[in-house]
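K.L.:
Construct the complete structure from the given sequences, taking the supplied hints into account.
Residue numbers (this note's numbering), protein chains in the order written: chain A, 396 to 535; chain B, 396 to 535.
The set of hints was computed from the structure by calculation and includes no laboratory data.
Fair warning: this is a prediction, and the values are worked out from it, not measured in the lab.
Do not take every clue at face value.
Treat identical chains as interchangeable: a pair holds within one or across any two.
To be verified - Below, in silico cross-link-like pairs of lysine to aspartate or glutamate (EDC-like), each with a Cα-Cα straight-line distance of 16 Å or less:
1) K439 to D494
2) K439 to E464
3) K491 to E520
4) K446 to E464
5) K501 to E423
6) K439 to E399
7) K439 to E397
8) K439 to E512
9) K491 to E473
10) K501 to E397
Protein chains: 2
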Amino acid sequence: MELENCINFLLSTAQHNVFQYLNSQLAEYGVTPAQYGVMNCLWKYRDLTPKQIGELLHLEASSVSGILERMQNNGLLERNVDPENRRTIRVSPTQKTLDLQPAIEKIILHMNQLVMEPFTQQEQEQIRRSLTVIGNRELV
Amino acid sequence: MELENCINFLLSTAQHNVFQYLNSQLAEYGVTPAQYGVMNCLWKYRDLTPKQIGELLHLEASSVSGILERMQNNGLLERNVDPENRRTIRVSPTQKTLDLQPAIEKIILHMNQLVMEPFTQQEQEQIRRSLTVIGNRELV
Numbered sequence: 396m397e398l399e400n401c402i403n404f405l406l407s408t409a410q411h412n413v414f415q416y417l418n419s420q421l422a423e424y425g426v427t428p429a430q431y432g433v434m435n436c437l438w439k440y441r442d443l444t445p446k447q448i449g450e451l452l453h454l455e456a457s458s459v460s461g462i463l464e465r466m467q468n469n470g471l472l473e474r475n476v477d478p479e480n481r482r483t484i485r486v487s488p489t490q491k492t493l494d495l496q497p498a499i500e501k502i503i504l505h506m507n508q509l510v511m512e513p514f515t516q517q518e519q520e521q522i523r524r525s526l527t528v529i530g531n532r533e534l535v
Numbered sequence: 396m397e398l399e400n401c402i403n404f405l406l407s408t409a410q411h412n413v414f415q416y417l418n419s420q421l422a423e424y425g426v427t428p429a430q431y432g433v434m435n436c437l438w439k440y441r442d443l444t445p446k447q448i449g450e451l452l453h454l455e456a457s458s459v460s461g462i463l464e465r466m467q468n469n470g471l472l473e474r475n476v477d478p479e480n481r482r483t484i485r486v487s488p489t490q491k492t493l494d495l496q497p498a499i500e501k502i503i504l505h506m507n508q509l510v511m512e513p514f515t516q517q518e519q520e521q522i523r524r525s526l527t528v529i530g531n532r533e534l535v
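P.N.:
Written out as structure tokens, the structure reads:
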């Protein structure tokens, strides 16, 4: 099989290209693409457990834990023990994270327009739908 | 913007899912998905410079160098100084890598069938074409 037809190679190459671009755009704000994912969840829901964040981002608990720790060290979020259930941690955004929302959403919007520019509206929808199917597929 | 519409999130989630599956399938042979990429190049061309491998795989020189070093340590390839140009390194497959070709290509073929199963032939071609466009796009 030619590498150019291998779905893992195609996904890795496309993801790498887009990730590198977004990473360079977000660097100005000291934020990584994965950290943007967490910020997006916190802008929307304000208050989440690490487990809920992992489910929203399709990430393993160990990955989430590392991302949250670095974000806390950068003043992007707080992790507090839930007063109603002391075995649960609750994650909430800092004022810094709330203030960054307009600037970062502008970068995300521009990235999406730039990456999707070569495609018609219908093709764009099909690409998003196909990637969602592949991302949610149980592969065993 | 909803995370579910963000092309970086969609690509990362789909790539992560397929990569994890392929990684687990290749682990039996002590090979990673990136190493399979290099093996694929060596099965096809037999003899390449690290720069050529980087171009074929869309990888930075520093990434290629790390992958080649681990593969050499695992007996998957040889790196030799080009006798005609002593500043050039040439990479070639070991017998072990040549022997692994049928088993690994079977895994790759099965992975592609499994991931692409939900789509029609026409949709599959469009997904491959779209990912190629996104991977080759100069984003600045």
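K.L.:
Hint by hint, say whether it matches the structure.
P.N.:
Now for the hints, and whether the structure bears them out:
1. K439 to D494: Result: close within a single copy only, 14 Å intra versus 52 Å inter.
2. K439 to E464: Neither way: K439 and E464 sit 20 Å apart in one copy and 44 Å across, limit 16 Å.
3. K491 to E520: Answer is neither; intra-copy 33 Å and inter-copy 44 Å both fail.
4. K446 to E464: So K446 and E464 pass the 16 Å test inside one copy only (14 Å; across, 37 Å).
5. K501 to E423: Within one copy only: 13 Å inside, 44 Å across.
6. K439 to E399: between (38 Å within a copy, 13 Å between copies)
7. K439 to E397: Close across copies (9 Å), not inside one copy (42 Å); limit 16 Å.
8. K439 to E512: neither (27 Å within a copy, 34 Å between copies)
9. K491 to E473: within (11 Å within a copy, 51 Å between copies)
10. K501 to E397: Cα proximity of K501 and E397: across copies only (13 Å, versus 38 Å in one copy).
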